[in-house]
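In case it helps, my numbering puts the sequence shown at residues -3 to 145.
The set of hints was computed from the structure by calculation and includes no laboratory data. Be a bit skeptical, because a hint or two may be false.
[Claimed, not checked] Derived lysine-lysine pairs resembling DSS-like cross-links, with alpha carbons at most 30 angstroms apart:
#1 Lys92 - Lys14
#2 Lys14 - Lys4
#3 Lys31 - Lys56
#4 Lys92 - Lys22
#5 Lys22 - Lys44
#6 Lys31 - Lys92
#7 Lys4 - Lys56
#8 Lys4 - Lys22
#9 Lys56 - Lys22
#10 Lys31 - Lys4
#11 Lys92 - Lys4
#12 Lys44 - Lys92
#13 Lys31 - Lys44
#14 Lys14 - Lys56
#15 Lys14 - Lys44
[As the list claims (entries may be wrong)] Restraint ranges, calculated between C-beta atoms of paired labels, are given here:
#16 His107 - Ala(-1): 44 to 54 angstroms
#17 Asp130 - Thr41: 42 to 52 angstroms
#18 Gly66 - Asp33: 43 to 53 angstroms
Just so it is clear, the structure is predicted and the values come from calculations on it, not from any experiment. Where a beta carbon is used, it is the ideal one built from N, C-alpha and C, also for glycine.
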Amino acid sequence: MLASQLHKLLDDIYFYMKNLEPVLEKEQYILSQGKIDGSMLQGVTQQKEMMLASIISLNKRRIALQEEMGVSEPFNELNNYAISNLWEHISALSTKIAQQNMNNGFLLQYHINYASDALSVLEAEAGTPVYGPDGQSISKLTGGTKFEV
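Model the full structure from these sequences, guided by the hints.
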């Protein structure tokens, strides 16, 4: 009875993880574009958060059930090939998803750094007066003498 509950939980975890893969791929596609579509990224992020919340909830239930059963991963002591095999697939998929999520994090950090650098340039330019009090543009000299006529 408990083994079938464990199998169902693992099956549900695998289902959500499999469905998380294309969401991460879409996130990567959005982050790989020159200009990010903010609303599209927000939608994908919300999808990802919902799936991760489901996986976390299911995983907590799995851990509690494992403790009740007195078993641990990879569940060899159950002598249940289906459960052990499913756990093997979950472990492999977990590694793949973690790597994909880390790569997306690098892409996101690149965009954050780029935007921050661009903002710094704009702020520096805004801090330098372009026009004088008389409304005339201020010429910037890089050396030499300024002649006025």
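Okay, the hints, checked on the actual structure:
no.	hint	in the structure
1	Lys92 - Lys14	holds (11 angstroms)
2	Lys14 - Lys4	holds (15 angstroms)
3	Lys31 - Lys56	violated (38 angstroms)
4	Lys92 - Lys22	holds (15 angstroms)
5	Lys22 - Lys44	holds (10 angstroms)
6	Lys31 - Lys92	holds (26 angstroms)
7	Lys4 - Lys56	holds (14 angstroms)
8	Lys4 - Lys22	holds (28 angstroms)
9	Lys56 - Lys22	holds (27 angstroms)
10	Lys31 - Lys4	violated (42 angstroms)
11	Lys92 - Lys4	holds (22 angstroms)
12	Lys44 - Lys92	holds (15 angstroms)
13	Lys31 - Lys44	holds (21 angstroms)
14	Lys14 - Lys56	holds (19 angstroms)
15	Lys14 - Lys44	holds (12 angstroms)
16	His107 - Ala(-1): 44 to 54 angstroms	holds (46 angstroms)
17	Asp130 - Thr41: 42 to 52 angstroms	holds (50 angstroms)
18	Gly66 - Asp33: 43 to 53 angstroms	holds (50 angstroms)
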